[in-house]
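**Q** As a plain string of letters, each chain reads:
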Amino acid sequence: MTLRAELEPGMPSAQPAAPAHLSGKVGRGGRLPVAVIVAAGLATVVAAAALSLLLGTQSLPPSQILGALTGGTVSDQVSGIVDSRIDRTLIGLVVGAAVGICGVVLQGLTRNPLAEPGILGINAGAALAVVVGIKLFALSTVGGYVWFALLGACLSAVVVQLLALLAPVRAQPVTMALAGAAVMATSTSVVGAILVSDQGALDVFRFWQVGSVAGRDAGIILDVAPFLVVGFVLCLASGSLLNTVALGDDLARGLGQRVILHRLAAAAGAILLAASATALAGPITFVGLVVPHVVRAIVGPDHRRILLGSLFAGPALVVVADTIGRLVAAPSEVQAGIVCAVVGAPFLVALVRRMNVA
Amino acid sequence: MIQPPETQPRAVERGERAADAPADTAGSLLSTGSGADASATIREIRAVRRTVRRRRLVLTVVLGLLVVGLFLARALLGDYRISFVDGIRMISGTTIPGASFIFMESTLPRACMAVLAGAAFASAGAAFQSMLRNPLASPDVLGINLGASAAAVFAVVLLGWSGMPVTLVAFAGAVAVAVTIHAFAGRGGAATGRMILVGVGLAAVLSSVVHWLLLRADIYRAQDALVWLTGSLGTVTWGEIARLGAVVLVGLPLLTVVTRQLGVLSLGDDLATGLGVRAHRLRLVITAIVVLLTASATAVCGPIAFVGFLSGPIARRLTHGRTSIPTAALVGAAMVLAADYVSAYAVPGTAFPVGVVTGLAGAPVLVWLLVAGRRSIAEKG
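Residue numbers (the working numbering), protein chains in the order written: chain D, 94 to 451; chain S, 1302 to 1682.
In case anyone wonders, no lab produced these hints; they're calculated from the structure.
No residue lacks a Cβ here, since even glycine has one placed at the ideal position from N, Cα and C.
Check the hints yourself; a few may be wrong.
[Unchecked claim] Just some of the chain S residues that point at chain D, by a computed CB distance under 8 Å:
1) Val1499
2) His1512
3) Val1672
[Stated by the list, open to error] Listed next, the in silico SDA-like pairs over lysine to any residue satisfying Cα-Cα at most 25 Å (straight line):
4) D:Lys228 to S:Met1405
5) D:Lys228 to D:Phe300
6) D:Lys228 to D:Asp316
7) D:Lys228 to S:Tyr1521
8) D:Lys228 to S:Ala1662
9) D:Lys228 to S:Ala1652
10) D:Lys228 to S:Val1528
11) D:Lys228 to D:Val283
Isolated chain D, as found in the complex (with noise of 0.2 Å):
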């Protein structure tokens, strides 16, 4: 498959610049026409939005809830469950689509196969910025974290980043996971010691911590909006400069790029997307992990089409998640941060088996 050609991305078979590859004929390896993504993407996205208004704690029937959706006369119960569904549901799909395509970024920048914002640190400084807003300013809304989050997640990434650029070119992705657990373990210090003697702000903060898109305003998103602009901006403008960076910084150069600035401007986009995501629904592992070995496996190594790819993954992922939630532990729920990790878990036991790391 791709992935070993992924993991040395010097290998010829990764070679995203060849010219048939791009004129986006159908060839192997699965290179599908870019409008048959689109469709296949917004197909999908839109069974998974279904699906997480149909179904839920509470079972509607579907003519009361398309009654709601089309501003029909309903209960006002009724109508307040299909409202918080189409919150969760729209959280979910932004998120989605955030962490999705930040994962793709990350994981193409590092050429490391297992970047992602868990693993570099970037949730853990967004998860010790919340606890000290909880602590000091005594928040416990959503939309009060999402400051602190953002705060958190850009101070956590940027040190990552400072730190692994110590290392020499060759030992980066290593340093940056190193770095990442430093960040990871410390922060994960400073919350224990504030939560141990804090009872209160634990109750608040276990609530946040397992990732969720339940119980949110949509309107929060508002709040992140220009974040999230930015970084689906920067990210998506990013799919050429990641396939001239699989080939190498040196080789990348010499067709031309700007590497430094171009992968400065990359990561900033990536970070902005994580950190939205993360003020938006907490810590939300593997989504950013799994999308784009799953596009990558059905659309081939080109990244613009795995960042296309992940736009609609992402967000089908998420809300998915969120709607199996709802249902397996039905009267009480799983967040959708626990389910995607239980469901990532041995899809990322499936990639690494078939990979030949050396």
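With chain D's structure known, arrange chain S on it following the hints.
**A** Leaving out everything else, chain S in the frame of chain D:
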């Protein structure tokens, strides 16, 4: 993908291993050459070996003294100071009102547990890092500690258990994670890399599960679980110390002996098999001891951050690139002793779990290792 960044220590290790080769072999190899040359070479080799041995001895003594000093400080100093003589008298059975309770029920057991837990985590970490030849591959990164944590929190929160059953469940959790990693990583040259990746993934899942369990628990239990999850020596009993002590007394020497064969393994499985080392069985034995040590220590005082992860690399730097399980164990013991002292007395009135301090102090050390590693690579190249 994931490669050990310790290019330099390994190169040094190789050099020293060559120096360690039995002198008589070198002599017989060289005897065909001119006699004067050969004896000069032998003298040189012997000198190098002596230096290495002396350095190792000095290092062990210094580290040992450090551990003893920290142990005494932890047991005798603090809010309530106890003289050394009083300490000896209390250990031998005399009761001194006031002091006895603090010494026998709090500071002494904590100091003992700090030594045992530090040694257990550190030796297990160093053995795994050395076996998998990757600084990332300590049991805490691979999720073995988290397996124990998740199982223990599950038993405490959902089943309402406490005491010995929790220890056993924690142990079962660690074993389950180790078996899963082993089973899914498969065999062959790429097994190590796959092991790390599967372990990192499992660790992420297990921490999710722990978060979910904390959410399900009532808040008091959640807080108890959190203290334990952070790594704490606050509630140790003499029974637990005896159990962990037995495990460490058996496991540590065993691990020291077994890991000596790892040098051969670094030549590759095929060559190692040719030289009479059963690579797969050796890995299995080391893994079993590592899991035993990690699980026993985690079950008693929770996963203390960074001890298993950092002791090995620190010991390697101190020994100029050799893997030495006893050195790592001493480093770990010193680390936990110092961290426990700081956590108990740094902020007056608040006693933090020891894991908070190791986590905070460990991060700069990790950064230092990264920077130092970079410098040595830059010097070489």
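**Q** For every hint, state whether the structure bears it out.
**A** Checked hints:
Given hint, S:Val1499 at the interface with chain D, holds; its Cβ is 5 Å from that chain's nearest Cβ, closer than 8 Å. Taking 8 Å as the C-beta cut-off, the interface hint given for S:His1512 holds, the closest approach to chain D being about 5 Å. Because the smallest distance between the Cβ of S:Val1672 and any Cβ of chain D comes to about 6 Å, under 8 Å, the interface hint for this residue holds. For the hint linking D:Lys228 to S:Met1405, the alpha-carbon distance of about 36 Å lies beyond 25 Å, and the restraint is violated.
Distance restraint check for D:Lys228 and D:Phe300: the Cα-Cα separation of roughly 15 Å lies within the 25 Å cut-off, and the hinted pair is therefore satisfied. In summary, the hint linking D:Lys228 to D:Asp316 is supported, as the alpha carbons are separated by about 22 Å, within the 25 Å threshold. For the given pair, D:Lys228 sits about 18 Å from S:Tyr1521 by alpha-carbon distance, which is consistent with the 25 Å threshold. About 22 Å separates the Cα atoms of D:Lys228 and S:Ala1662, which keeps this hinted pair within 25 Å; it holds.
As the CA atoms of D:Lys228 and S:Ala1652 are separated by approximately 18 Å, the hinted pair is consistent with the 25 Å bound. Taken as a hint, the D:Lys228 and S:Val1528 pair is honoured in the structure, with Cα atoms around 18 Å apart against an allowance of 25 Å. Annotation: proposed proximity of D:Lys228 to D:Val283 holds, straight-line Cα distance about 12 Å (limit 25 Å).
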